[in-house]
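S.K.: Chains G and E are the protein sequences, given in the same order.
All the letters of the first sequence, read from the start, carry residue numbers 1 to 274 under the numbering used here.
All the letters of the second sequence, read from the start, carry residue numbers 1 to 594 under the numbering used here.
These aren't lab readings, by the way, just hints derived from the structure by calculation.
Keep in mind it's a predicted model, so treat the numbers as computed, not measured.
In this text, a Cβ means the ideal position worked out from N, Cα and C, and glycines have one as well.
Check the hints yourself; a few may be wrong.
To be verified - Straight-line alpha carbon distances no greater than 16 Å define the calculated EDC-like cross-link-like pairs of lysine to aspartate or glutamate that follow:
1) K202/G / E173/G
2) K24/G / E448/E
3) K492/E / E448/E
4) K484/E / E448/E
5) K27/G / E437/E
6) K233/G / E378/E
Unchecked claim - Over 12 Å on every C-beta distance to chain G, these chain E residues come out as not near it, computed from the model:
7) G44
8) Q147
9) V238
10) D260
11) G366
12) A367
13) G368
14) A386
15) L390
16) K397
17) A398
18) K400
19) N511
Unchecked claim - Here are some chain E residues the structure puts well away from chain G; computed CB gaps all over 12 Å:
20) C176
21) H374
22) R392
23) N412
The chain contents come next:
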Amino acid sequence: MFQISRKQELAKGTIVRFDIVAPKIAKKAQAGQFIILRVNETGERIPMTIADKDEFAGIITIIFQVVGKTTALMRSLKEGDFIRDVAGPLGRPAEVEKIGTVVMVGGGTGVAILHHVAKSFKEAGNFVISIIGAREKELVILEREMDLLSDELVVTTDDGSYGVRGFVTQPLEKYLQERKEIKLVYAIGPIVMMKNVCALTKKFDVPTIVSLNPIMIDGTGMCGGCRVNINNKVQFACVDGPDFDGHQVDFNELMNRNSIYLKDEKDCMLFSIH
Amino acid sequence: MMEQDVRSLRHKTFLNTYCPYCNRSFNVEEKDGKTIIFNARYNGSDLQLKLSPYLDVFEMESSIPVEKDEILDALECPFCKKSLVKPDTPCGECGSPVGEITISTHSRLIPFYICLKYGCEWHGLTKADERKIKSKIPRQEMPEQDQKLRAANHQEVPYGYTSELAMLEASRCIQCKNPKCVDGCPVNIDIPEFIRLVTEEKFDESIKKIKERNVLPAICGRVCPQENQCEEKCIVGVKDEPVAIGNLERFVADWERKMDLVTIPVIKKKLNKRIAVVGSGPAGLTVAADLQLLGYSVTIFEAFHETGGVLTYGIPEFRLPKSIVHFEINYLKEMGVRVELNHVIGKINTVDELLEHFDAVFIGVGAGLPKFMHIEGESLGNVFSANEYLTRMNLMKAYKFPEYDTPKPTGNRVAIIGGGNVAMDCARTAIRTGSTEVTIVYRRSRTELPARHEEIRHAEEEGVKFRLLTYPIKFLGTDVNTLKSMECIKMKLGDPDDSGRRKPVPVEGSNFIMDIDLAIVAIGNDANPVIFQTAPDIDRNKWGNIIVNPETNETSKEFVYAGGDIVTGAATVIEAMGAGRIAANAIHRKLSQI
Numbered sequence: 001m002f003q004i005s006r007k008q009e010l011a012k013g014t015i016v017r018f019d020i021v022a023p024k025i026a027k028k029a030q031a032g033q034f035i036i037l038r039v040n041e042t043g044e045r046i047p048m049t050i051a052d053k054d055e056f057a058g059i060i061t062i063i064f065q066v067v068g069k070t071t072a073l074m075r076s077l078k079e080g081d082f083i084r085d086v087a088g089p090l091g092r093p094a095e096v097e098k099i100g101t102v103v104m105v106g107g108g109t110g111v112a113i114l115h116h117v118a119k120s121f122k123e124a125g126n127f128v129i130s131i132i133g134a135r136e137k138e139l140v141i142l143e144r145e146m147d148l149l150s151d152e153l154v155v156t157t158d159d160g161s162y163g164v165r166g167f168v169t170q171p172l173e174k175y176l177q178e179r180k181e182i183k184l185v186y187a188i189g190p191i192v193m194m195k196n197v198c199a200l201t202k203k204f205d206v207p208t209i210v211s212l213n214p215i216m217i218d219g220t221g222m223c224g225g226c227r228v229n230i231n232n233k234v235q236f237a238c239v240d241g242p243d244f245d246g247h248q249v250d251f252n253e254l255m256n257r258n259s260i261y262l263k264d265e266k267d268c269m270l271f272s273i274h
Numbered sequence: 001m002m003e004q005d006v007r008s009l010r011h012k013t014f015l016n017t018y019c020p021y022c023n024r025s026f027n028v029e030e031k032d033g034k035t036i037i038f039n040a041r042y043n044g045s046d047l048q049l050k051l052s053p054y055l056d057v058f059e060m061e062s063s064i065p066v067e068k069d070e071i072l073d074a075l076e077c078p079f080c081k082k083s084l085v086k087p088d089t090p091c092g093e094c095g096s097p098v099g100e101i102t103i104s105t106h107s108r109l110i111p112f113y114i115c116l117k118y119g120c121e122w123h124g125l126t127k128a129d130e131r132k133i134k135s136k137i138p139r140q141e142m143p144e145q146d147q148k149l150r151a152a153n154h155q156e157v158p159y160g161y162t163s164e165l166a167m168l169e170a171s172r173c174i175q176c177k178n179p180k181c182v183d184g185c186p187v188n189i190d191i192p193e194f195i196r197l198v199t200e201e202k203f204d205e206s207i208k209k210i211k212e213r214n215v216l217p218a219i220c221g222r223v224c225p226q227e228n229q230c231e232e233k234c235i236v237g238v239k240d241e242p243v244a245i246g247n248l249e250r251f252v253a254d255w256e257r258k259m260d261l262v263t264i265p266v267i268k269k270k271l272n273k274r275i276a277v278v279g280s281g282p283a284g285l286t287v288a289a290d291l292q293l294l295g296y297s298v299t300i301f302e303a304f305h306e307t308g309g310v311l312t313y314g315i316p317e318f319r320l321p322k323s324i325v326h327f328e329i330n331y332l333k334e335m336g337v338r339v340e341l342n343h344v345i346g347k348i349n350t351v352d353e354l355l356e357h358f359d360a361v362f363i364g365v366g367a368g369l370p371k372f373m374h375i376e377g378e379s380l381g382n383v384f385s386a387n388e389y390l391t392r393m394n395l396m397k398a399y400k401f402p403e404y405d406t407p408k409p410t411g412n413r414v415a416i417i418g419g420g421n422v423a424m425d426c427a428r429t430a431i432r433t434g435s436t437e438v439t440i441v442y443r444r445s446r447t448e449l450p451a452r453h454e455e456i457r458h459a460e461e462e463g464v465k466f467r468l469l470t471y472p473i474k475f476l477g478t479d480v481n482t483l484k485s486m487e488c489i490k491m492k493l494g495d496p497d498d499s500g501r502r503k504p505v506p507v508e509g510s511n512f513i514m515d516i517d518l519a520i521v522a523i524g525n526d527a528n529p530v531i532f533q534t535a536p537d538i539d540r541n542k543w544g545n546i547i548v549n550p551e552t553n554e555t556s557k558e559f560v561y562a563g564g565d566i567v568t569g570a571a572t573v574i575e576a577m578g579a580g581r582i583a584a585n586a587i588h589r590k591l592s593q594i
């Protein structure tokens, strides 16, 4: 059993942050890695990227958007409540080294994961430019945290209610045109966003890493549910990833695979209401 | 076989006899625990035979005079009055003509030989007849759930033997002096002895005998491929069906559990040494049990939220009830074995870190990296690996969706690619979760199907179809990318390949389309790489399996041992247990010397 030591609702309650007491995982977790959790006895196993950790306090942080039954159930939990199972840290850590100037691009809840990676890049001594986007002002998360660790920060909103109006790709394009010293782009967010970022960086021939979050059960390579097509080769996001070379990812296939259970998800929500 | 045993066998066989025609009991009575009274008719008159423990007639009561020698000429059922006698078989011992009385025991037809020639040393059954009788007792099948009913539920298919059936089946064992079955068992259970104890109704001693060698008998009795192991070597099986060793093992294990007679062994001497076992499947459980019994402190690390490995996530409820797996693992816990769930070794702890805290490490993580065919359309939704399909259904209980949250993969027309036990498990699960048409697609012919015969039979009875000599070459999707069909090509068998099986080759131009909306790829597993990402110094072969010293199962890293599918590739539960046993012995030897 894993206790929730702190709970915080962000973005009008659509996004929730948990600090979970898991000392052994906190000791090992590195940026880019994830956990698999199961809330209760009848719950499903879902992957959650580790957004932050505090090794000394023995705490890991997850930040999630409420999208389905499990995340709705998680939002209903209070500080002091328990999550039945947490396994991790899983996946390969992000490869962080000092390379110069990097651009961190995050969309929606992806910013939560990006934060952990960006922090590591900053600590490694890189010049970090961050671009974070959301649909509207209220949905922008972790702006202050990202600002603290970034050398430059741009916030975009789709409706222009805050920061730059438009998608994250617009300021990214500007940076790529003006700053030839950019060595790497790291993009985490909705699949469409990552796809568009990769299309753009390919034009400028800038290496791009994306973090994928496909459907998973075990998170240890056993089920193959998280298979993704990388350069026409089947790879498993849980053991070969979750970070991949964005220019080699078949994003369309990933979108199809991630929509397999949309109908079941609805049925399950209805069932839980009854 | 001891004379005593022969007598007790004859006695028991005769105690429960029925007319094969009208199925009424001959009303056999046992008076002093030795004498049997057998009611029959002779030439139209009632006849009562009193039989000695040797089943020879020592007293007769009849309204008309009758000589002992004549009885067998005209013995009839007292109810339907049909003749029970075929009077032309010679006694194997004295050669005089012997009647063959046909009677039923336990509602099964058994021709029963009996020599009544006065003066024959045996006065009844001879040794030869004994063997003849045994060979005439057919292999007793376990009663099973009705085919139609079971296709709609997840309860176990066979009910298991009753005590009577178990004793009758056990009586078929001829107690070889040099038993081959024991060699066929990867953990060398003393099979003839545990079976002998069953014939004597000493079920408690029988299960103890098994447990000397096997800690998971209720599981092995169910899922071992006995037909390729102990039963393949059974001497009775040379001319007849082999003794049903697996069914008997299952019976005594179930009996002990149901009777609540399981006792936790007392560990006499506690050693101050700690063992880490990675993976709680059959190999790991065996190592844990063996070493804990020897006094070590064992901790099992399991990646999932439940123990059991393949026994839990892989084998479905209807083949191995999870309550039994839990029971057997609880037994280990009560012995003092510690279990740490949600521990993915290689991630939360490396093997090196384990070695800082433990004196030895056993790796039994299983194969666990599903193979795909790498054909077009394999990434479509509704194309699953068998691992994912079974894990959802078994571990996550998706068949109870939406009571359980994990979505259940469903389809009306389901194709399972592969012909092993896992493929049968998938097919039978699909049948039980409402699919209307379930087809096994296998590239070789029926004789090469690697699944157990029993599994194939069960699948067929439940309505699974087989499309043999067929291989998929492409999955086709609808315009919204859901699976709609599968293009296949017919195969024919060519020359034998490395495995000795005839290699399937495609028949050109034989392509055809199968309409399906769910596909499950059950073609095996590669070695899972997770633990090695942080333990590169454990040597592995080109397939990624760990290389071990076969004498000790020690890896290239000292104090690290391994066994099960991660060493051998896909194999059986009992083979994994055998590997665990070798490692446990070797660990004990090595640590005792330090």
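S.K.: For every hint, state whether the structure bears it out.
M.R.: For each hint, the structure was consulted:
| no. | hint | in the structure |
| --- | --- | --- |
| 1 | K202/G / E173/G | holds, 11 Å |
| 2 | K24/G / E448/E | violated, 48 Å |
| 3 | K492/E / E448/E | holds, 12 Å |
| 4 | K484/E / E448/E | violated, 29 Å |
| 5 | K27/G / E437/E | violated, 50 Å |
| 6 | K233/G / E378/E | holds, 12 Å |
| 7 | G44 | holds, 71 Å |
| 8 | Q147 | holds, 30 Å |
| 9 | V238 | holds, 42 Å |
| 10 | D260 | holds, 26 Å |
| 11 | G366 | violated, 8 Å |
| 12 | A367 | violated, 9 Å |
| 13 | G368 | violated, 4 Å |
| 14 | A386 | violated, 9 Å |
| 15 | L390 | violated, 9 Å |
| 16 | K397 | violated, 8 Å |
| 17 | A398 | violated, 9 Å |
| 18 | K400 | violated, 8 Å |
| 19 | N511 | holds, 23 Å |
| 20 | C176 | holds, 42 Å |
| 21 | H374 | violated, 7 Å |
| 22 | R392 | violated, 7 Å |
| 23 | N412 | holds, 15 Å |
Figure legend: structure checked against the earlier numbered hints; hints not met, in rising order: 2, 4, 5, 11, 12, 13, 14, 15, 16, 17, 18, 21, 22.
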